[in-house]
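Asker: So the protein lines, in turn, are chains A and B. If you number the first sequence the way the working numbering does, the last residue is 105 and the count never jumps. If you number the second sequence the way the working numbering does, the last residue is 1579 and the count never jumps.
In case anyone wonders, no lab produced these hints; they're calculated from the structure. A portion of the hints provided could be inaccurate.
[As the list claims (entries may be wrong)] Label pairs and their computed distance ranges (CB to CB):
1) G1187/B x Q50/A: 38 to 44 Å
2) G1132/B x G25/A: 19 to 25 Å
3) I18/A x A1013/B: 35 to 41 Å
4) A1013/B x N77/A: 43 to 49 Å
5) G1132/B x A35/A: 37 to 43 Å
6) Q1149/B x I18/A: 24 to 30 Å
7) G1219/B x I18/A: 49 to 55 Å
Treat the numbers as computed from the prediction; the structure is a model and nothing was measured. The beta carbon of each residue, even a glycine, is placed where N, CA and C say it ideally should be.
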Amino acid sequence: MAVTKATKTSPTKSDKWILRLYVAGQTPKCIAAFANLKKICAEYLDGQCQIEIIDLLENPQLARGDQIIAIPTLVRNLPQPVRKIIGDLSNTERVLVGLDLRSRT
Amino acid sequence: MKKNSAPSHSALAKSPTGIRGLDEITLGGLPRGRPTLVCGRAGCGKTLFAVEFLVHGAIDYDDPGVFIAFEETEEDLTKNVASLGYDLADLSRRKKLTIDYIRVERSEIEETGEYDLEGLFVRLGHAIDSIGAKRVVLDTIEAIFSGFQNTNILRAELRRLFRWLKDKGVTAVITAEQGDGTLTRHGLEEYVSDCVILLDHRVRDQISTRRLRVVKYRGSSHGTNEYPFLIDEQGISVLPITSLGLEHKAASERVSTGIESLDQMLGGKGYYRGTSILISGTAGTGKTSIAAHFVDAACRRGERCIYFSSEESPAQVTRNLRSIGLDLEPWMKKGLLHFDATRPNFHGLEMHLLRVQKLIDQIKPSITVFDPLSGYLTLGDSLEVKSMLTRLLDSLKGRQITSIFNTLLEGDHSELQSELGVSSLMDSWILLRNIEHNGERNRGLYILKARGIAHSNQIREFIFTDRGIELKDVYAGAEGVLTGSARAAQEAREKAAAQLRREAIERKKRELERKRQALDSQIVALRAQFETEAEEIKKEIALETSREQALQMDRVQMAQLRSGNGGSKPRRERNGKGA
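The shape of chain A in the complex, shown without the other chains:
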């Protein structure tokens, strides 16, 4: 499937994406999510993103701040508004919608 950039909310080059991926240990879902995220970052964000991995098994208290329930959860704090993308990020289309790179249909 050919994926084109959405124009409206597309960040300019100077914008830095800050993405936080919440995982709980090295579960298959979490590993898949990380791999998928790296791919999307490279393909659609020109690598202009900073990925932070938070393992809740190590820092359970951090789940509270971003209201994490589901694992894995990808949180986009910047640019606003906050978005939460849950799941292993295998559905690239939905991830792009979640990141506001693709308009909801």
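Assemble chain B onto chain A, guided by the hints.
Answerer: Showing chain B alone in chain A's frame:
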């Protein structure tokens, strides 16, 4: 941690909720270490139930607790229960309680494949471990159904969650919204099956009633009825009134009615303590006054009383009673008499009963008055009213409280119509009647029954004086039964006749006296006459005697003279001697 002493016959360990009444119904509390489902519609008190479970656990049973809120923030929750006197912030500081607000916002969430709810587990696990929690509340976990689309994942995860909670050994309360025809909207009862409690808030005839039912309790017996419960400034109270049996003691102590003549009618001593007395009568026959006399006498003895007035305000009752010389206000000031004036239809039957129970528990009176009971009639069908009264009576008797129930009779010919069918529940029944005669209305009182008391079978006339109630014997004579002015007139007539009779007797007595006096004086006169005559006769006798002597002497002298010595005296004397 304080161990809950579970009943010996029950192998299941229990965590007391600290909610008044609930622990009795469940015989000790919720199943320890297992999840309990509390379901009900919006506004039925689920959250409050959960909060009380945690707060009582933290304060009374030293069980720290975790509150996972899906609907309210920590601040809101803290504020909401502050009105009940629960300081959640303080409990949090003391590490007795952790509140974690989990916000599930559908619009923020994009689902992109496989996921699980490990985040929830992590948060919960962290909260539990941080304070060593023994109790957990999930309020309302169903909120996550609105946040996630994949219900298959949710259901699998919930199943895992409840198993995990059990493994953790925490006693959990999970609240859920009631669905149509199902206990919960999303079928949580499928996963949480150890204990299910249903809260219900129904409104009938504009009166709201809250009820609680233990739908199931695996591994334990429990009360199965619907129990009414109250939410007030002290939180939830469930009163398992139906669980009382007929095991109350029967005291042989007697308590004065406060009316001497009524005591006389009741075998001279009054009612038995701990019994129930029904006073029925038509409007204005003095039911309240009789009850008030009883209260007054009790307060004089220093006993505590509660007066449940369902039609008049306390001020009105006390003012009216002052007119017959009864002042209850000092007793109220002293704290011996507690007035509770509420219309029962303000709360509904069950709620009213609950309020009564709570008040009785609080004040612990030895005497209660319900004036009038008729106000309860309108609140439900007679079966409901009767069952409520039965429970009320049982609990009053169980506490050895002597109670008076006033009921209003409609019409004058209904004396035998058993009032609400409750007369069989009552130990004594005093009936007040209007007796209409000669164009006036008088009050009559008689005792229809008094269990265990040799009571008078007489109708007494009942009179209000400014010194209270007096009972007068009615006139029962040749003229029939008379009361009021007719009795007074008849009495006056009889008094007059009696007076006349008394006067006649006096007169006769005086006459007799006079006769006796006349006789006496006659006797005196006769005696006087007799004495004079006797004197005379004595004198005559003396005279005659002296004359006789003289004659004798003359005869002697004559004889001397005849013997020849005539002429000289001595001779004659000698002759005389010799003769």
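Asker: Verify the CB-CB distance for Q1149/B and I18/A against the hinted window 24 to 30 Å.
Answerer: Hint holds: Cβ distance 26 Å, inside 24 to 30 Å.
Asker: Given a hint of 35 to 41 Å, does the C-beta separation of I18/A and A1013/B actually sit inside it?
Answerer: Violated, at about 49 Å.
Asker: Taking 38 to 44 Å as the hint, is the beta-carbon distance of G1187/B and Q50/A inside that range?
Answerer: holds (43 Å)
Asker: Okay, A1013/B versus N77/A on CB: inside 43 to 49 Å?
Answerer: Distance hint for A1013/B, N77/A holds at roughly 46 Å.
Asker: Is the hinted range of 49 to 55 Å satisfied by the C-beta distance from G1219/B to I18/A?
Answerer: Since G1219/B and I18/A have Cβ atoms about 52 Å apart, the given range 49 to 55 Å holds.
Asker: If you check the beta carbons of G1132/B and A35/A, does the distance land in 37 to 43 Å?
Answerer: holds (39 Å)
Asker: Just to be sure I understand the hint, the distance between the Cβ atoms of G1132/B and G25/A should be within 19 to 25 Å; is that true here?
Answerer: holds (24 Å)
Going through the hint list in order, the structure does not satisfy hint 3, though it satisfies all others.
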